[in-house]
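With the hints as constraints, model all of the structure from the sequences given.
Sequence order for the protein chains is A and B. Heads up: the first sequence at position 40 corresponds to 43 in the working numbering, and the numbers run straight through without jumps. Heads up: the second sequence at position 131 corresponds to 421 in the working numbering, and the numbers run straight through without jumps.
Think of the hints as simulated: they come from the structure by calculation, not from any bench. Just so it is clear, the structure is predicted and the values come from calculations on it, not from any experiment. Mixed in with the good hints there might be a few duds.
The list that follows gives simulated cross-link-like pairs (lysine to aspartate or glutamate, DMTMM-like), each with its CA atoms no further than 25 Å apart [claimed, not checked]: (1) Lys31/A with Asp10/A; (2) Lys445/A with Asp561/B; (3) Lys437/B with Asp466/A.
Just some of the chain B residues that point at chain A, by a computed CB distance under 10 Å [unchecked claim]: (4) Leu298; (5) Asp373; (6) Gly413; (7) Tyr438; (8) Ala459; (9) Thr503; (10) Thr585.
Note that CB positions come from ideal geometry on N, CA and C, so glycine has one too.
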Amino acid sequence: MRLNSLDYIFFLLAVIGPFFAIPPRHRKSWLLVASLLFYMYGSPVFVLLIFYSTTVNYFVGRRLELTVAGGARKRLMVVSCVANLGPLLLFKYYNFFAVSWAGVLHAAGLPAQPQLLHLVLPIGISFYTLEAIACTADVYFRRSPAETDYRKLLLFLAFFPTLLAGPIVRARHLIPQFDRTSTFQYERVREGLLKILWGLFKKIVIADRLGLYVDLVYDRPTYHVGSTLLLATFFFGFQVYCDFSAYSDIAIGTSQILGFDLLRNFRRPLFASSFRDYWTRWHISLSTWFRDYVYIPLGGNRRGFWIANLNVLIVFLVSGLWHGAKWTFVLWGLYHGLFLLAQNLWHRYVPAMIPSGPAKRWLQVAATFTVVGLSRVFFRASSVTDALYIYREIFTHFDAARFFPGSLTQMAYGLFGIGVLLAVETFTELGGYPTLFLAPSKPLRWLAYAVGAILLLLVGVLDGGQFIYAQF
Amino acid sequence: MRRLSFSLLILLALVWGLDRAVGSCMQKLFLSSTSIEEGDVLRRAWDYRAPILVCGSSRATHHYVVDSLGSILGVRAYNLGRDGSYGPVFMYGVSGIVTRHYTPKLWIMDVGSAIERGPVLTGRLSVFLPYVDSEPVAREVVGLRSKYESLRLWSRTYRYNSLILSLLAPRLGKPVHPRLGFLPLQGTYTSAPPAVLAEKMRVPVITPVPIDTLKLRYLRRTVDLMKSCGTTVIAVRSPRYLETPAEELYSRSEGIEMQQLFGRLNVRVLDLTAIRIARFRDPRLFKDPAHMNETGALIFTRMLADSIRELHLGS
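See below:
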C-alpha cells in the first residue's frame, strides 16, 4: 500500500478511530493487527519473513542477556546477523553476486553461466532488517535490555508507518512508547495531519512532477546532450529529496497522530555546507545506523586518522550496496566515501584560506549541493555504462543549443515546485517556522491548508508511483 | 476530538468552496481557449471535421505532417497524436468522442509505439478529464485510471489537473501552434557512442513480454467502432533509426507481429519503416532514434500520401 494513495488515507482513518476508542491495554494488539494487514495488502506471504525476523531476534536477544562469556555473546551476535541478513542476501543480492561472479570468471576466460533466481523483493526488507539487527546489537552492546514481550517486538518490526521505507527506528526508542497511554490530543493530531499534508504536497506536486522529466531523459540518456542530462540530474536531486522526505513526513505524521514520536530523518540537506554536514542532514536514521553498527564496531576513529578514513570508505561502500543490488549504487557509495575522505584530508592538511562568514558558508553550500547533485548520476542511471556516458556528456558535450526542455508546461510545473520547496526550506533555515501550515496567523494558516489541498488537485501528479526508497 | 472534527469540517467547507471556484474558472478558461493546447486537442479536431485523422503517441505527433498530407490528397487531415506513450485505450477514447460529433473517412493509427508492451499507462488518460461530463466514453476511459476515480471526480478542479499553464500560456503571449496537431522536431541525430552501441548490441532480439490484454481489447474496440461508423482504418508503421543489427532484427519481428495482429482485425498495415524503405536508414532524417525531424517527417508524409492514393483510401 502506497502512503500517497487514497487506500492509505482510508486505512489510516480505519486505524485511528478504533485506536483511540478502545481501552489502552488493547491498543498494541490493534496496532499489530493493523500493521500486519498493511504489510499483507501487497503480498501476504512475505509477512512470514517479519515473523521469522522477530522470532530470531526475540530468542537471540533473550539468550544474549543471559550469556556472560564474551565469546558466546559474539557467536550469538554473528548468528543474529547471519539470520537477519540471510533473507536480504537471498532476495536482494543473490542475482547481483551471481552475475558479478560470472563476470569475473568470464573475464578470467573461464566458462560461467549464472543460475539466477526469479524472486520478488519483499517490500521494506532493507529497512526492517537493519532495525532487527540494531535491536539485537543493542542488547549485545548492553545499550538496552532484551525485549521480553514477543508481541511488542513484532509490532516494532511491523510498525506500519515506518515499515516500507523508514525512518529506521531503534527498538530502545520506539518499544517503550508502546506502553505509553496516549490520549487524543488536538495539537498532536493537527501537527501530524499537517506533516502528512506537507509530505503529500512534496510527493505529488514536486517529486512526481519532476520525475516525469527525469524519467524521460534517464530512460534514454543517449538521446540527450550534456545540458539536458545535467538538468535532469539536478531535477532528480530535488525529486529524490522530496520523494523520500515526503515518505518520512507521512510516516512521522502518522506516528504522531497515534501518539508515537519518531526521530526526524531530514534536516534541510539542501543547505549542507560540506559532505560531513550533508550526512548529518540526509537520511539521518540510516547514517546514524551505519555510524553505530558499522563504523564504531570497525573501530571508528579510535585507531588513528587513516583507519578512521578507511572505515568511512567501508561504511559508504556498504551503504551504497544497501541502496540497491547494482554496481551503480556501489559507485555512488564510493563517490561519497572518496569525497568525504578528500574533505577530511583537506581539513587536516590545508589551512583555511577564506575567513568564516555568511559568504563562505553559502559558497560551501553551493559547492556541496553541486558535488552531491552530480553523485546522483550513479544513483539514477540504469547501468554503469549509462552513468559514465552521462558524466562524459555533461563534462565534454554540454551543447546548450540542443537542450531538450520536454514539455514546457511540465518544466514550468517542476520549477514551480522547486521554487516552493526552496522558499520553505530557506525560510526555515534562516529561523522561520517550517511551512506556512504552521504560520502564527490563523487566517494565513487556514488559507495555506486550503490552497495546499487545491494545489494537490490542480497541479499534482495523482497517478505517481511508489516512493523511490520503498523500492529498496 | 470535537475540536478536530469541527476544524476538519471548516477545512472541508473551505476546500469545497475553493474547489468550486477554481474549477469554474478553469472550465471558463478551457471552453474559451482558442489555440491548440494540451487537453483541448479533441474539441479542435471535431470543430475542424477533418476526413482524415491520425492517432497515436509521440511518433504520430512528430511524423505526420497533416497540412502537407491534406494538400497532397486534397482533403483536410488532422493529427491527434500526443507526446508520450499513448496506446490503444487513448485511441479508443478519442475515436469514441470524435465519432459522436462526425464521421471521419480515414482513421490512421501509428502503431509500434502505440502498441507498446507493458501495462496501460493510465496516467495518460487524464487528457479525457475535462470531457467527463459531456462525453460518456471519456468517463468510461477515465475510470480505468483508478478505482477511486469517481471519488476524485467530486472535485471540479481535478478535471483540469495539470492544465492551468497550458490554458494560461496562450493568453500570456505564447504563440499558437499552426500545424493542426503536428509538432515538427528540429536537429539531427548523432550516433550513440561506441560503448552505448555495444550495450545496445546485447539487447535481446525479441522482447518476450506479450502485448497487454487490456490494450488488445481496446484496440479491437477502436477498430470495431470506427468500422461500424463506415470509417476506413489503417495501421502505419513509421520509421525508427535502426542503429544495430539487434534493433533491425527486432523491427523485422515486430513488423511480422503487427501484420498478424492487424490481419486478425482486418486492418491493412502500411509498413514504412527502414526495413522496407532504405531511405530511412539516413540518420540526418532523425532527431533521435525514435523520432524523425521535420525533413524526415515531410519525406515520410509524402510516401504515406502516395500509399494512400495508390490504395484509394483517402477518397
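So which of those numbered hints doesn't the model satisfy? 2, 9, 10
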